[in-house]
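Can you build the whole structure from these sequences, using the hints too?
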Amino acid sequence: MMETRGCCASICQCFFEYSTPKILIIRSFKVGTLNRITQALVIAYVIGYVCVLNKGYQDTDAVLSSVTTKVKGIALTNTSDLGLRIWDVADYIIPPQEESSFFVLTNLLITLNQTQSHCPEVPKTGFDCTSDRDCKAGSRDTRGNGVQTGKCVRYSAVDKTCEVLAWCPLELDKEPPNPPMLADAENFTVLIKNSIRYPKFNFNKRNILPYVNKTYLEQCVFNRITDPDCPIFRLKDMVTEANEDFQTMAVHGGVMGVQIRWECDLDMPSSWCVPRYTFRRLDNKDPVNNVAPGYNFRFAKYYKNGNNEETRTLIKGFGIRFDVMVFGQAGKFNIVPTLLNVGAGLALLGLVTVVCDWIVLTCMTKKNIYNEQKYSYVDDFQLLSNETP
Amino acid sequence: MMETRGCCASICQCFFEYSTPKILIIRSFKVGTLNRITQALVIAYVIGYVCVLNKGYQDTDAVLSSVTTKVKGIALTNTSDLGLRIWDVADYIIPPQEESSFFVLTNLLITLNQTQSHCPEVPKTGFDCTSDRDCKAGSRDTRGNGVQTGKCVRYSAVDKTCEVLAWCPLELDKEPPNPPMLADAENFTVLIKNSIRYPKFNFNKRNILPYVNKTYLEQCVFNRITDPDCPIFRLKDMVTEANEDFQTMAVHGGVMGVQIRWECDLDMPSSWCVPRYTFRRLDNKDPVNNVAPGYNFRFAKYYKNGNNEETRTLIKGFGIRFDVMVFGQAGKFNIVPTLLNVGAGLALLGLVTVVCDWIVLTCMTKKNIYNEQKYSYVDDFQLLSNETP
Amino acid sequence: MMETRGCCASICQCFFEYSTPKILIIRSFKVGTLNRITQALVIAYVIGYVCVLNKGYQDTDAVLSSVTTKVKGIALTNTSDLGLRIWDVADYIIPPQEESSFFVLTNLLITLNQTQSHCPEVPKTGFDCTSDRDCKAGSRDTRGNGVQTGKCVRYSAVDKTCEVLAWCPLELDKEPPNPPMLADAENFTVLIKNSIRYPKFNFNKRNILPYVNKTYLEQCVFNRITDPDCPIFRLKDMVTEANEDFQTMAVHGGVMGVQIRWECDLDMPSSWCVPRYTFRRLDNKDPVNNVAPGYNFRFAKYYKNGNNEETRTLIKGFGIRFDVMVFGQAGKFNIVPTLLNVGAGLALLGLVTVVCDWIVLTCMTKKNIYNEQKYSYVDDFQLLSNETP
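Chains as they are written, first to last, in our numbering: chain A, 1191 to 1579; chain B, 1191 to 1579; chain C, 1191 to 1579.
Treat each hint with caution, since some may be false.
Copies of one chain are not kept apart here, so a pair can be met inside one copy or by any two copies together.
[Stated by the list, open to error] Using 27 Å as the maximum straight-line C-alpha spacing, the simulated BS3-like pairs for lysine-lysine come out as follows:
# : residue 1 : residue 2
1 : Lys1212   : Lys1326
2 : Lys1326   : Lys1491
3 : Lys1262   : Lys1314
4 : Lys1506   : Lys1245
5 : Lys1426   : Lys1260
6 : Lys1556   : Lys1212
7 : Lys1212   : Lys1522
8 : Lys1494   : Lys1220
Hints are computed from structural coordinates only; laboratory data are not their basis. Everything numeric in this text was worked out from a predicted model, so none of it was measured.
Structure representation (structure tokens):
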């Protein structure tokens, strides 16, 4: 009975105990100054760098984005194959819609009236021949345009090449026209509509800012200085901002990155959260370690002639693909990262004592006095030697 | 010899030293209670909020996703231009496949039998004319449809406009039909197959859950209450969930976000990791600060007539683009974030001593006794004044 | 006057105070060893695991990527419908360009010369009929191919089905050919150009590495052992690496993930930052809980015949979609995460004292001596009892 009461009491006593370390206070100009300066440095770092610059008190979220684009403009070409011809948006945007990029045709090699038939290969190493023995029926070379029939036929006055089953006539292996056929593309404009969402903070915004009205949108063109919020871009301006020349790039094509950066501090008014546009060329124009420079692809338009035979027009289209890349981070005050950073900061303040102690107890002239006061000893070795005899 | 031995011994001694702070224990109801409450608060925060709610003990990874979609349904239209006409999936999905979105045509303006030729511009400010002097040969206005020839020609009984080289006849600048032509699209269904991966944890999953069998999949339609795991969605249901009216949206088109959220706690059974579907309209339907509302694009079908002349059917297609947006985070126990959070928590416990000390040593009635016991002083100033005389 | 001076002096004194805890040093083999081992463990964890393995001293950034692809190869098919036919890149890549994926047609069901007209439905449960009463005019079943006219017509010698308005003749509901029609697709090669950017560190790189020259690129094919840096991939090799059989997969189609991982330590030379390619099948080939296995979609080529009537060739295309998925993280030294981890590590070192204290003061034989030396008491209860009498 007595014992349980004693046990109870001791638990109680324990609960109401408050442990606080015993502190030695050293009053000294040198030591005090050293201490305060080190403390100030740590606090300045925690507040200045972690909290203000890196916003360590904020929880962050990555952006979810949706992009639609609409290109406008008309180009005129005049070639021997096609005559005078107008190109509108249904002609030069391929495919007609994509999720977050668009391709503008700027140059092309056209091969009209192809049918599935037999014709001599384009002269190239491996396809030249002098007799049928040089050609292997059924052989399909990845560099070739069809399947060899095994015959050797006349390609031109001087050349004989292996005959192939292919879409004939074959596309000629030549450089794209320079200047580019759709040189007018530099004046095309594109309206980029971008809607973003930060799901963690339930925050939505669009790149058409609230103060922008319909009248302005109908005639504005993006300009970094005069119209930085206009979402309509002239193709040439985008390419120029990336330090490239549109007409040069248009010849072989390329890939442009339209980077929209949404860096949002949601502790601030939401009107401060605005998109920043930058432009960058994404493909490698360096001709040294490069293969298939620029950007091109082949596509065809299929027709049926009077005899119900399929013919096609093959187009090797060169052009600029614009990839709209939306990125950014939103931050908003949250207690967890705040306390995480404050905790880490406090732990760093603990370092101050370690550093100062070391200096005080080894370098100061009065180190012996300090040592004497700071440390007490329980010396097992001494006890041991005392006990031994 | 003696010295090295002494040095060795002192290093040894140092190694076997254990430093522990001297502690003053204050046994007091008030102080003890204060101390325990503050400690309890900090521990409750660390365990409750950081560990349980925010799962601070988990390492996280972002989702990698792949989406395929398959739309089903048939629409019937009846117009003066086209007569009675059936639209199937090959007609209304443009382009036929995309990576993680699909476009369903819901309304259209069609311009049949366009050829490259000359015709008067559509009457609009800037294109009206009274004589050839009002038209500038070679001028191409971004708002126009072609390149002006410099002639002023009769457009209708009342209007004269500048002649252009273009795809003629020109598309009429009119509003899309209302009700929309493919109103039947509301009953189309789409099967969305989504496969995700968390590379850091080597975890794969699909949105067709293991217990779902083929028979169920062949006839189910997603319903938030009765069929929340069915990956087949009726288009109208998706639009309705986003608080929009399908028929209204179908007229001018729009962009819908199909959000699939994979929030997975991989410390739990993997069967708890299931997708959550939500639907949101992504484009701006607010007519005030908007240009080109809705979602539309132009595309063409190219034909060749008997004379080998190219003609095309231009379609301005209005429709709904569904962007499948997959996001989420997986978390799994990892020792590094755990210790990071525990460490920060411990540092916060250090704060408790600071706060309690301040209260104990300044506010308590017996503060002088506590002060006396807690602090010892080495006073350089006093030493100084003692030495001076 | 005297007072303000005193106040000033006390603030000064306070400023130059340095507080350092009073320490009890226990010199003991057991206790010292325990202490050092625990410390060593914590320090080893902080340095070894957090800093070296998890690179806790680095700030990280996610990758921004742009991908272009170019497929090469020719396939030959021989069917009763189409005769001997060559398929080139313009025929089998649909759509001709996409942002970060490409689709290769490997198998197809073709329905030639469809026109908008009337024909009997394909026999299936629900479409069979014996008289006109079994068919409902205007009914459009999602499983059907058109809108019913209400008539019951002869489909074959044995079957009568409801007549529909549709693109006739209807596509037959049959399995795709096996072996696949474009079996040659296994030898197609694809050049994948990938350009990445870590915006936070302003770091760009391409998957065509600096030492790779044009000559090598023109003839190399990726091989994990002999050519790990060649960005040209044989389709069959990719599928084989994912432990799948190309010819089997080609029959019903599928989705392949081409994963490019850029794990970059930007504290190291940038030439160490290289892409790692892995391949994985993304769709579910398990036939049990699956619907519409494989990957296929329908598209059409539209023609006009002599009477200006629209006809189309419907193709149900089966094939492999390759999704290029670029992911990875770059890390670079940054003072904030470093100090965060160091701070948390220090706080963990504080734990060492807690653990050692507990052992020393409860388990050691000389615990009473230690206790006596470590703790002083201010006992309010005792004071209380002293005061009471």
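If the cutoff is 27 Å on CA atoms, where do Lys1494 and Lys1220 land: within, between, both or neither? Let me know, please. Classified as neither: same-chain Cα gap 97 Å, cross-chain 95 Å, threshold 27 Å.
Reference check for the pair Lys1556 and Lys1212, CA-CA at most 27 Å: within, between, both, or neither? Both: 21 Å inside a copy, 17 Å across copies.
Please work out whether the CA atoms of Lys1262 and Lys1314 approach to 27 Å or closer within one copy, between two copies, in both situations, or in neither? between (41 Å within a copy, 17 Å between copies)
When no copy is specified for Lys1326 and Lys1491, does a C-alpha distance of 27 Å or less occur within a copy, between copies, both, or neither? For Lys1326 and Lys1491, neither the intra-copy (31 Å) nor the inter-copy (34 Å) Cα distance is at most 27 Å.
Reference check for the pair Lys1212 and Lys1326, CA-CA at most 27 Å: within, between, both, or neither? neither (96 Å within a copy, 95 Å between copies)
Checking Lys1212 and Lys1522: alpha-carbon separation at most 27 Å within a copy, between copies, both or neither? Classified as neither: same-chain Cα gap 41 Å, cross-chain 42 Å, threshold 27 Å.
Within, between, both or neither, where Lys1506 and Lys1245 count as close if Cα-Cα is 27 Å or less: neither (51 Å within a copy, 48 Å between copies)
Homo-oligomer pair classification [Lys1260, Lys1426; C-alpha up to 27 Å]: both (16 Å within a copy, 26 Å between copies)
When each numbered hint is compared with the structure, violations occur for hints 1, 2, 4, 7 and 8.
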